[in-house]
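With chain A's structure known, arrange chain B on it following the hints.
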Amino acid sequence: MTNFPILSLITFLPILGMIVVLLIPKKQELAIKSLTIVITAVQVVLAIILLMNYNYSLGGINDIKSFQFIEKFRWIEITGFSWIGKIKIDYFLGVDGLSMPMVLLTAIVTFIASISSWTIDKSLKGYFAMFLLLDTGMMGVFVALDFFLFYVFWELMLLPMYFLIGIWGGPRREYAAIKFFLYTLLGSVLILLVMIGLYFSSMETLADGTRVFTFNMLEMMNPANYTTGGILSPLNPNNLRFIAYIGLFIGFAIKIPMFPFHTWLPDAHVEAPTAISVILAGVLLKMGTYGILRISYPIFPEITKQLVWYIALFGMINIIYGAFCAMAQKDFKKLIAYSSVSHMGYVMLGMAALNTMGISGAILQMFNHGTITAMLFLIVGVIYDRAHIRDLDSFGGLGKQMPVYTGFVTVAFFAAIGLPGLSGFISEALVFLGGFGNDITRVLAVISTLGILLGAGYMLWTLQRVFLGPLNEKWSSLKDMDFREYAMLVPLSIIIIFLGVYPGPMLSLMNSSVNTMVEFIEKAQAFYQTLGSL
Amino acid sequence: MNFTSDLYLIYPEIVLTATLIVVVLFDLIFKRSQSWLPVLSLTGILAAFIFVVMQYGTNLPAFEYSTKNSLLSIDNLSTYFKGIILVTSFFIVLFSIFSSEIKSCKDRHGEYYSLLVGMMIGMFFLVSSNDLILIYLSMELLSLSSYVLSGFVKKSIRNSEASLKYVIYGSVSSGIMLFGISLLYGLTGTTNLNEINTILRGTNVIDISFILSIFMILAGFGFKISVVPFHFWTPDVYEGSPITITAYLSVASKAAGFAVLIRFIKSVFFSGISQGGYWNLLSYFDWQVVLVLISIVTMTLGNFTALWQDNLKRMLAYSSIAHAGYILLGVAVLSDQGITSVLIYFAIYMFMNLGAFLVVMLIANKIGSENIDDYRGLGYSIPFLGTVLAIFLVSLTGLPPTAGFIAKLYLFVALVDAKMIVVAIIALLNTVVSLYYYIRVLKNMYLVKDVIKTVHIQLKPLSFVTILLLVIPVLLFGIYFTPIVDFAKLSIQILGL
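Chains as they are written, first to last, in our numbering: chain A, 1 to 534; chain B, 1 to 497.
Everything labelled a hint here was simulated from the structure, so no lab data went into it.
Please note that the accuracy of each hint is not assured.
[Said to hold, decoys possible] Result set (PhoX-like, lysine-lysine): computed pairs, CA atoms no more than 20 Å apart in a straight line:
1) 449(B) x 125(A)
2) 122(A) x 449(B)
3) 103(B) x 366(B)
4) 449(B) x 26(A)
5) 330(A) x 474(A)
Remember, predicted model here, so these are calculated numbers, not experimental data.
Isolated chain B (complex conformation):
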């Protein structure tokens, strides 16, 4: 094992770590010029992005400890997700500049941005790690930073409650996961995913404790991507945290969770690929049924619970649970095509979900509420933000000609190709249900006339540009989606398979 020769493979992570250090030091030395912190973070993100772009196409193991078995896999899948994480982080830092919640904590911006970069580093290692120990460590790095960030506004009781709940649920699920990892280690004698795969290939008997250990590890991933029954923290934490963090958790943290889930399932169980891109799995246990059941329950519960929510942030939390259900279906297809649809879904989901949260935040900055009833008549007093929010919500529903439709279309194409017709029908009916709560916001903004609050929001040029950066892809990819699909289908490559 030669550490120094592989260092170039983790330049993006090194750049982010340097950013973290610079942010902390800058905050210590120049206490008064906090407004430079986001600029520093953005610079770090951009630099890391350049390295990620340069790395795309590289498929190499980093830090090998024996032939073929490495700590990290630098492959297209991880690079794709790193791109998603960086773009999301870029937007989140921009959001943080406008957020009045963050502004209210005057002297602690250094803490905020350094933890944000800390989350990024955790996610970067998570999406490319090929070893259970590293998966666990990077997941903890991600989780610990996000526990603190979700309780960032100390004055707000809501924030503290969210943070505490997050810690409790998080530690329980990571404990379960760690137990699962130790079981798996006991059974196989290794923590490397590829080595586990090799051992599984050599044996025919699948022990009940093996299945139990996999379930326990899946619980840890399930917590990160917030699928039923590991979703209980999501609504409370999403509602309680500052909106910037809510948006970040709902996109980036979820993306990282899905990336590691995909890598884990494929690396551990993969035994070959059959015609049409379907994977043959090594287990006698039918993981597909488990995944399909979880995703159906997740999307149904998410959608039906969202119907009753009055707080827009909480509603978006449930909607993100429902979306996790749709995305998990793409994984459950267990084929290259399914993974492509997951990647397409994430790229689009990133734009539309961040957009929805941004508009909610800009409105909440002004009216101080996220209650859907307080949105009455808002469409008339702030026509631009109203229209933009309408576009994001329509896209989240999945209606053409917005990008959300393309995301759903590819998912259903993958499902129908896998002959999972009944599942596709359930997912489609879920879409119809989801229309009802998304449209409810529009109903309050445009259809209800009795209470017209005149709210004036003067958009700063920077926030205007940020909105455009989010809304243009949502419309453009709805009409011309070739680039996104081309990109996604190149990115399904997992190292060693």
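Chain A extracted, bound-state conformation:
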């Protein structure tokens, strides 16, 4: 098992699928749809195989030996540059406790989204080709450990997403698609610049003893690798690390999306087809927070430490502001979109706490938000497919008409509110415990608890407006859920309830990595301090 390139397989399987999809004649719609579902199902199986072979005791983060399923070989090698040393880029994949939950989440959410895509009826071939390309990009981001490779995967997602929103979206799809594209591209060029800066600031030692500039994230994390003159090297008294951190953070924050860079999200969500909303909220938003945890935190620990209060502050703003916005919405989908803004705020708050509980809570919240929001968007999709409107005020009393559906809605809504017994509760509780545990973030965490109240407010109000009260006669012909919808909502509900009752497996999956990270940031912080006093 150790030599089998399972991470490459799980990442590039969708691209193979894409090629096959492109070769299938346009008329064979059933074949195209089924193939996509099969491929994403195989991905789930591969993710489960990964999980079964995963060694829970290894930490990862900055130590290559404790990463698992590593694949590393030379991808680009240019020798003999007398004036620049050697350029070398590795094809370097691996997972640790930080990326493993994200790989699982991506596999599950993509599988559910591919079932949800069954109802797509125009230009099927293009849709599923783009869908599978997007899948590769997402999976690649979570398993890449070379910054260059990470960036290629990161950008690979943009174009498919643009087309998926722009071609198969709602009435204002063109506007939403270009807005998404421009915002995220703006973020990625910032990331690119920091990437190049880091490349010139850190060197790794090769087996033969020569030192070369490196794109390897793990080598960038090691303070001993910095060059004396590099612009992002702490050894350089005029370094730009602080500015670079802000740039990198904005690049990731656009994806989260953090206030004030969140305005693309409601547009993109409202216009995107259901399956794409599910992917967008379920996986894409997590890339922002994943990037911060994977790259910003360990490479810039001393600046992270300086800025945690601000990260927590923006987390708090996201929580409160997102909740208020959600409360004001009349469009069901927009409401869920703003609730995403609010819920991603918890992730940022947890990250800012910089302790085991906070960061575990943040990662768990990333996973849980992925599953819960996926479910919420599917729920909106179910009602939209039937009624073709999403206006909250025009419904009423659907509980009588569609009892099973209402049951699922209740599970998802209560999970989003954070009701004990459902997964959302555990992660939010951990985030708050972590936040209270850190003196710097305590006040902000206390204020953020207001978000739970507001969350309960808009969720319950929505439940009341749509599902309770007298039945609006206009909707008396609506049917309850069909088999396809069960197939999507049942697995998600099981995950949500299981992790609510017994979050142990997920927490122990990330535990040693979170501990390693917290410890590493403390240690590196001390190192940078001694450097500063010199």
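Just chain B, lined up with the frame of chain A:
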């Protein structure tokens, strides 16, 4: 000076001249078999290419009139650019076979192909000339051939207008350049770049008239590479000329202009190389600031003006101005690394820009328009061409995993290494702006559904192969770019430095 013993160094040029003669004679004698003309041209190009390949690695002065001072420098830089020019010419001749614009001028194909070869000869001398007089002469040879070619379709008013504008702008800028050359000659007493360098090394006082003369000469180069403020001709000429010529001007002619610019700056001002490959220049005047300012203004103006264009050809013209701005940044770094990034950029830019023009031409052949609004829904009726155009445009934007990203990456690597962070940020923001107009074409092709024109384009096998020859490198070099970088970094060598 011994002419005959150095002739072997200009075999590629001799082959091209022979091709020119053969094309003219063939056209005179066999008036009816015009379809053989492109074959003859292609044969000539291939033969010249073989000689260029054999010449690669040679670093010799040709036609020396005193020790170290020669008319031509046959070095890796010139050979690299000759390769770029030949590959571009190869594709342009192929394009010309499919172009309905060119086909419409039935009896004048001989004229077309002979002028095309004439341009090649001009560019070949331009990239390797080491003497201001020869630079001027070869630039004129290049310009005169391209003035005629841009007005090739006589029936089209657009073509004639383009040609006239080109002539006017071209003659003004070459006049300025000639004046600059004469000033420089008056100051130094020589027209040889290396000799000027020797004289500059001996003197410490840099006169204002010296700086003025350099500015005037730069104006001539600026016209060829179409940077602000010498860009005014570009949109009109690019829009008006036949697409084949537009594509040729935007790649080959620009490459030749950059080659001579690099050689001029390095040969005249070079005084030594410092650690990291940075050049020490001989002038008290800060040329780097001038170059950086010009390139920033060029790329910003190019990108922002492209936003408002409705004609795809005109939009690509502005986009090529913007690209000239990016490439000039690579020169402005004034280091070996910057020049490497320029060479990488050109090799990639050649494939993606030619590709974009080819698809535009194939579509224009059918629908008779280059208006972006006429591209509505085209992605559905011609899926292959649509996808290919999408790849080229994405590559021009510079997104991975296409080759355009690698071109931009190396440029930014050079900038960051030179600590020109603010400049790099401006260039990156420009990339974001450029996305908007490139994606607009894709938006019209795929996102707009209300007007679906069913256009059927039956691709001939030859045009299909040509597209593949252009699109495969764009994708391949995006993922595996070692060969192109290896090649570029060997090619920065300039003779005598």
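Hints and how they fare:
1. Taking the CA atoms of residue 449(B) and residue 125(A), the gap is about 17 Å. The hint holds against a cut of 20 Å.
2. Note on residue 122(A) and residue 449(B): the hinted pairing holds, with a Cα-Cα distance of about 11 Å set against a maximum of 20 Å.
3. Proposed proximity of residue 103(B) and residue 366(B) is supported: the alpha carbons are some 14 Å apart, at most 20 Å.
4. Proximity of residue 449(B) to residue 26(A) is assessed by CA-CA distance (about 19 Å); at most 20 Å being required, the pair is judged to hold.
5. At most 20 Å may separate the alpha-carbon atoms for a hinted pair to count; residue 330(A) and residue 474(A) meet this at roughly 19 Å.
When each numbered hint is compared with the structure, no violation occurs for any of them.
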